[in-house]
Structure formats: C-alpha cells, structure tokens
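Chemist: Modelling step: build the complete structure from the supplied sequences, incorporating the hints.
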Amino acid sequence: MATEFPAHHYLNDGYGIKSWLLTRDHKRIALLYLIAVTFFFFVGGAFAVLIRLDLATPPGDLVSDDTYNQLFTMHGVIMVFFFLIPAIPAILGNFLVPLMIGAKDLAFPKLNLLSWYIYIIGGLMGVYVLLTGGLDTGWTMYAPFSTRFSTTRVVPAALAIFVTGFSSILTGLNFIVTIHKMRAPGMGWFNMPLFLWSTYATSLINILGTPVIAITALLVAVERLFRFGFFDPALGGDPVLFQHLFWFYSHPAVYIMILPAMGVISELVAAFCRKPVFGYSFVAFSSLGIAVLGFLVWGHHMFVAGQSVYASLIFSMLSFLVAIPSAIKVFNWTATMYKGSVSWQTPMLYAIGFIGLFTIGGLTGLFLASIGVNVHVTDTYFIIAHFHYIMVGGTIMGYLGGLHYWWPKISGRLYPEGLSKLSAAIIFIGFNLTFFPQFILGYLGMPRRYHAYPPEFQVLNVLSSAGASILGVGYLLPMFYLAWSLRYGKPAGANPWGASGLEWTTTSPPPTENFPVTPTVTESPYHYPSPVVKHVA
Amino acid sequence: MHNHTTAHPALAHHFDSLDQQQEAASLGMWVFLLTEILFFGGLFLVYTIYRGWYPQAFASASHHLDIPLGTINTAVLIGSSLTMAMAVHAAQLNSRKGIMVFIVLTMVLGTVFLGIKGLEYSHKFHEHLIPGLHFEYAAEPQFVRHAQIFFSLYFVMTGLHAAHMIVGMGLMTWMLIWTARGVIGNGYYSPVEIVGLYWHFVDIVWIFLFPLLYLIGRHA
Amino acid sequence: MFDIPLFPERASTIAGEVDALYFFLVGLSGFFALLIATLIVAFAIRFRRRHADEVGAQVHGGLLLEIGWTVIPFIITMVIFFWGAKVYFAMANPPDETLNIYVVGKQWMWKVQHVTGQREINELHVPVGRPVRLIMTSEDVIHDFSIPAMRIKADVIPGRFVQIWFEPTNAGTYQIFCAEYCGTQHSAMIGRVSVMEPAAYQAWLSGGTAEGSLASRGEKLFADLACNTCHRPDARGRGPWLAGVFGHSVQLQDSSVVTADENYLRESIMQPAAKVTAGFQPVMPAFQGLITEEQLLALIEYVKSLSPAEQPQAQPAGTQR
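Protein chains in written order, with the numbering used here: chain D, 1 to 537; chain G, 538 to 757; chain L, 758 to 1078.
In short, the hints are calculated from the structure, not lab data.
From a predicted model like this one, the values you see are computed outputs, not experimental measurements.
Backbone N, C-alpha and C fix where the C-beta goes; we use that ideal spot for every residue, glycine too.
Please note that a few of the clues may not be correct.
[Claimed, not checked] Distance condition first, Cα-Cα at most 20 Å in a straight line; then the derived DMTMM-like pairs of lysine to aspartate or glutamate: (1) Lys-181/D - Glu-730/G; (2) Lys-863/L - Asp-65/D; (3) Lys-110/D - Asp-553/G; (4) Lys-181/D - Glu-560/G.
[What the hints assert, rightly or not] Which bits of chain D does chain G cover? Going by a derived footprint, with three or more residues having C-beta under 8 Å, they are: (5) 29 to 42; (6) 211 to 220; (7) 224 to 231; (8) 311 to 318.
Modeler: Dropping the structure here:
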C-alpha cells in the first residue's frame, strides 16, 4: 500500500499570504526563516564568488580596491549575522523544539513571529546599506576606521546589526522558557534529545552575549554621528576598548554558530547508527561547558592588538580549555558509530563530513590558542581557513545534514537520494580544495583582506578559487532537488528513517497543533528499534 | 491533567494550564531583564574604564550635573516603583480600579521624571556641554577632552534609560487598556506583574546611574 | 613554473622556535585528524547497515573512556600552552641592548625613522645579528606591521606606542605587510626589510642626513616650541627638569607611581593633564594636534637622550596602561 499523505497538516491549514505573514505556528515561522535565510546565504555566497574570482590573479583587476573591501565586508556581515547565527536555531530549532518536547508550540508564539519580523527589518536595513553605498570596514568594524575614516554607510549598518540582534535575543529567550516550562510529562532534563541541550546552551549565549554587540554597535553609530569620543583616540577614546567590547560578543557568537550544528550531529549519528549517543551526559554537559568557557576567551583575538602579556596568557590558557568539551563530543560521536547500524544515507554523509572537517578546524584552533604561533599567523589566511573549516565544514554541513534529515518531516516528502549524495560529495571536495590551501598561504604570511598579493602566492590562490567554484555548484544543487521534491517527491510517512524522537511519532507534515494529546514520555531519547512508519493512524 | 470544565478565558491554546502560562511569562521577563543587564552592563563597563583612567576629569565634569534635580528624580522614580508595586498588589486582589489608579499614578511620576530630565538636557545645551555640539569647557580647559567622554557617557546612559522608561509607559498604557476591557482580572494578572518587574528594573538602573554620574567626589 | 613556495623563509632568531612549535602542532593535528577520520570511515564500512530493520548495539557510555579522552586532551593542551607561552615570552622580552628604530604607519605607507636621522618609506634597513626594537605608532587608523620571515607582527595603534623586537639572522630582503585592514589601499601598504652585513650597514648609515640625529632634531624642537621655558633645571621651572626622567619611576599628583616609558612621554606631551607630576600644577598646554608624529618622535628621542643610556624595564610586545 502506498504511503499516504496526511489530509490535514500545518501546510494546508489556511491558505493565502495573511495566513503565513500573521501565523503563530512555529513550523510556519521556521519556513518563513528558511526562505529569508536562504536568500541571504546566496547573496553572501555571491560576494564570496566575486572575491575568489578576483583573487585568482595577483593584481586586483576584477573590481576596484574599494569595491573589493566592500565585498569581503558584506560577505562577512551577511554570513555571520544573517545566515550562520540564525540558520539552525531559527529554522530547525523553531520547527523542532516544540515537537521534540511534546508541546503544541513555543512558549511565546507571537514573540516568535515578532523575532522573524525583526530579522526581516534588520535584513532590509542591510539591503539598504548594500544599495546606497555599502560598507567597507570589515565585519569587525574596528575603530577608528569605522567611526571616523570610512566613507561608507557605517551608521545604517551598525543599526542594522543592532536591530537584527534582537531577533536572536528574543528567539533565545523563547527557547529557554519553552525548554524550562513546557517539556512533556516524563521528559526530565536528562531525557531530552541532545539537540535541545545544544539549543539551550546556544540560547544562553544568545541572551547574554548579543546585548553587548548591540550596545557596541550603538556606540559606534553614536560616535560616528555625534562625534562622541568612546573609541577614537583623537577624541580621547580607546580603540582597543572597542575590540574588547566587540570580541566579548563575537567570540561567544562563534559558539552560537557551532553548538546548534553539534546538536544536529548528535541527532544524526544516533538516528543513522540506530544507537544511543555514547556518553549522553558528557555530551550534554560539554554543550554547557562550551557556552560558559566561550565567554572567557575573547582576548585570543587580540594577542597582537596591544593587550598585556599577562592577560594574553590567561586568554591562551582558557582557549585551550574550551577546546576540550568539543573534543569530548567528537570522541563520543565516533564511539557512537562503533557497533552501530550505520546507514549511508545523505544526512549521515553530512554528519561524517562534519566530524572530519570540524576536527581539522578545531585542531587548527590549538595553533591559534598558542600565542607563539598565533603572532605569526594572526591576520593571515590561516585564520580564514580555520574559521571556514568550522563555519562551513562544520556549521553548514550540520545545517544541510539536519535539513536533509528533517526535510521529510517538514515537507512530508522524500528527496532524490542519488542527487543528494552527489551534492554532499561535491560540497566535501569543493570545500577542501577551497580552504586547505589557505592554511599554507597563511603560514607563508599572506594577510587577510588583501585585494592584491605577491605573485608567488598565485598557485595556491588559484587552487582555492577552483575549489570555490565547485563548492558553489554543490550548494546550488540542493536548492533544486529540494524544491523539486515539494511537488514530485514520494510521500515520506511519519518515520521514514526509523529514528527515535517525539517528532517522528506524528505525521509528516505534522498537524498544526503537533500532538492532538500531549504525549507522556516513558522512554529515553534514543531508544531502538523504532519502527519505520509509513503512516500514522 | 487539570479538570477544568471551561478553560480560563485568558489561557492560551498551547499551554496546559494558567499556572504554566503565568510561570512561563514570569520566567520570560526575568530572562529579558538579564539581557538588559548585559546591555546596560556594556555601558557601565565603558564608564568604569574611563573613570578609572581619568578620575579628575570625571569628577570635574560630574560637578556640572544638577544634584537637586537628580535627587528629586531619584525620589520620583523610587516613588513610581512603589505605586507600580501597589498596582501589582491590586491585581493580586482583583481590584480593577486599584490597578488602574496605581498605574496612572506610576505614569504620572514617570512623566515628571522625564520632564525633569528634559529640563536638565536643555540646561546642558545652553551650557555648551553636549559633546560634538560646540562643546566648551572654559573653566578647566585641561580636562576638556576627557570631560567630553564623561558627557558622552552621560547622554547615552541617561538617554537609553529614558528610552526604556518611555517603552515602560507604553506597556503601562497597554495594561490600562487590558484592565479596562476586563482581560486582566479573575486570577489572571501576570501581564501586570511582569510589567511591574520591568519597571522595577528601570528604577534599579537609575539607582546605579545617579551616584555614578552625579555624585563623583561629593562625599565628605 | 612550479617554484611554488610552501613554507616561508626563516630570517630571525625566533623563527626557528615558532616553526618548531608549528611542526609539533602539525604532527599532533595530523595524527588526531587521521585517527578520527580513519575510525569514522572504518566504522561506517565495518558496521554498515545490512538490512532495513537492523539496529545498533544499545550501549550508553563508558566512564573510563570519557575520563581518558578528557584527561589526555587536557594534558596535551597544557603542554602546548606552556610551549607557546615560552615562545611568546621570548617574543615579548627584548634583550637589554637593542637598536631602536621608530616606525609610523599611516594610510597607506610605512615611515621609518632611524635615531641617527635617516628616514625611509616602506623600507627598513637593519644589520644582521643585532637585536632590533621597533617602536611603532599610527597616525590615523589601526595598522599592523608584519614581517612573516621573522615570524613577528604587532598592531600599530593611533595615540600610543607599541613595540616588537627581532634579531635578524640572514642577510637579504624580506617582505613587510600591513596586516590589519586599514582602508582602500591596505594591500598596497607593503615594503621590504633589508638585512645587511655589518659593514654594508655602516656604509648605508654614513650616507646619513643633513638634519642630524633624531635627538638633535628634538632638541631644536624643544627650544622652538618653548618647552625649555618651563622645563628648566632651576627652581623657577614650572615643569619638572627632564634629565634622568626616562626609564625611571615618576610620582604623580595623586600619589600613584608610573614608569616613564615612551607612552608616558607621549601622553605627557599630548595630554599633560592626564598625569601630573607631584609638586607641579596642571598648567602645561596640550600639544595634541599641534605637532606631527615625526616631531613627537624627535622630542621623545631627545628626552630619552637626557637619561644615561638605560632602557626602561623590559617592555613587552604589547603595551600596558
């Protein structure tokens, strides 16, 4: 008997633009985010393509110096604030948190919708900046260049970041209250799927760190507009103070970007090995550990910035400590695969890719925590390679893996497995070709944010640009086959993967209220066997 | 499961009980106030650092602030926290009239505060003490650069505080409307409670701002 | 055509130490990356799902393993920390005897000022085998003076001095980069260090300049700007006499004590009210905006020359307030 599509679900519960733009349903809000975030991903990606095209030859001959400086700035701003930070929490988190805890929605559905509107307003402000002169300060907006010397749209950009931050803060707040107050009966803290632990830890960082970047962006705007002297030495201010305030948020921000992906990987590894995650409480506590320690290491961005020797040593030591919980996760995921029933379906390929690439990226973090080496490689392509291994090899692989895993639940459809495996392979190859040569370039000394470079660096740059073109193809393919699947994909059924978790006990797509009756949880989060279910009565 | 024959009219569809809903609202506001602490905290950090580096310039600049007006404002704001607490108390006792009277009183006091603040700002304008706007510091010219930093912090910190007060008064207007319409009452009063929490927080920020800005070097 | 550099030259005494730590890290990372990659691929193959209903072994964890893979990474990271700190200390602590050279960064060039009077733009001539200390600042935004072959760099910050040091080991020319984004022509703000054999360096030095040494220029400025009307050796001086000040402790009006390093001298000229010497009044005018960075360097070098040849307490590569 063919798998049936449920008759009533959240996607056909009301038609028309108002039913979407005024929805309170966390699942629809997740899709609203999916559309917006995907748009920004491709805009930021387009800038990356232009950057790599220009860098294929030593002189800056594709675009002007000023345009190039705007390209890397906007690539960074868009990817950090409009893609990496919201993607997994606002799309997968919004969709899954209530389902995973057995609730009908998040604690504050209207606040959730407001978060999306705030994101859109911030995004529109960003588009306004793009269209009316751009930004050329680097995403890091160091003073006094940003507050006095740049001739680009610093104030609207700072305000865009200020506004967008509130979207993250409110989403984080919503998740925290939901996880505290709305877990189904029987679901204690140590009975939750690990994705929720990661989401919770991420939300803690969101609510504590984002306000600091908000006030910092506000001070930059105020200084630039009114010539108040907070960071400009000509007015008595201290430019290094800007860096402390900026990195106090922006370091924890990178954990906002990676923790949700780690949460996804825990789910993927459990589901595609049909085995509980090894060392559940260690993985859960490591998420909290990363969140806490992540707030204590910001000075490792400032070893050569004029920070005192003793502060630098403390930050170095703490930066090594923050690596350890990440290592614990990697070992636990690896151990989970041992004697698992390992499927090679696409989400698992992304998970395996993540584990490998995140490990490499994280290990290069040890190079950077060690001040002796950091001095040589900071501000070079080594740094760029390091964070792209983690953000792209890590976060984006986690995001795509999660998207593919939960796509049947979100859309009710299966995507073509052959194409999805092919895309994963193209992405893996393209990614490594793009970013591995950059480690070598960095140690050679090629500085970052360079429009033109000495000719002896060209071969490595060409390899990197070639990789980028392959990577671009890899990212475009899923857009096509996922969209195709919405119309032509086979109905998935409630639990096409045979995975455990409350979200798989309801239909695909789920009904608007998720569960007709609040479930009572009696089993651990990873209990197998869980039946592959084609339809739910 | 709870045994309600009819659900409370204020119970939202995604909560299982009014208790759960009110607890969630309360936790939500506490979390939000935590974010506000970090938000203002960044400013307090900047203030602390610059005051540590330039104590004399800061003391000199602080003496230009109007202590009588600042003290009146402090009393006004503390008073408004009292009236707000009375409003919450009235809500717990289901007294619609009490809620509305005390919220209106709180808003009156809040308006007085903002009025006095506006007066202080206009004084500063006339004394050429707004940074970036023909700032003059003729009496002690050696402090001019760092006094500008003091005043930059003064305007940003009190300005942000005032903005929070205006938002708070907007929230109170909303509470007045809900109370008049009968949404608040009959055991459902957490919106008033959490607006009260917010207002107390705004008061506490001022209690830190006042000595840090107005009272430098004024002991003894 | 395939002369692709894959590794930078070594041109300073610290370069080898940095590279040694680097190679250790490469080896360590390679080992662990390979280990994890091999394990996950091996497990994916060995335990691949053979039929649709198969499940894995329902194992929940192992305390011994958890402790093991917590403690061992902790030990390894602490080893790296100490090794990295050791290399950093060497970078942060110049020897007592150094050849001091001033560097001023501005959009988009490097101005080098030798104390003997020579000025260079985007070039730095130094002798091989002698420790060189660069005292650096910026005229506008934050830049970064980076010499990859020496494995050192530091941000140069407007409004203060930072220092780095290195001892060149091989004669030759090496790349200078600006390594902190600074605007339109950031990638054009590059130059060359020319490390010369001692004899060649002497020859280069003696092609000096007509203006004389930096300190003598400073002495002239000191008179031109009327500094000497207040800073006098006799009791009528409204400012402290500056002989012997540099490198020693100064007691301030508020009873605190500071060390008179280059940043103290800078601030005392630009914003004198910030730190007033005990026993004096805050009457000195602020020279912020009235003198250029080059003039400031000349004045500082002059004041330094009034102290017996002594370096201040070892200045770390960062600055301290």
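Chemist: If a hint holds in the structure, say so; if it doesn't, say that too.
Modeler: Hint by hint, here is what the structure shows:
1. Lys-181/D - Glu-730/G: At roughly 18 Å apart (the allowed maximum being 20 Å), Glu-730/G and Lys-181/D satisfy the hint.
2. Lys-863/L - Asp-65/D: holds, 17 Å
3. Lys-110/D - Asp-553/G: holds, 17 Å
4. Lys-181/D - Glu-560/G: holds, 8 Å
5. 29 to 42: Contact hint for the segment 29 to 42 of chain D vs chain G: violated, 0 residues under 8 Å.
6. 211 to 220: Since 7 is at least three, the answer is holds.
7. 224 to 231: Check passed, 5 qualifying residues.
8. 311 to 318: Violated - the segment 311 to 318 of chain D has 0 residues with a Cβ nearer than 8 Å to chain G, which falls short of three.
Hints 5 and 8, counting from the list given before, are not met by this structure.
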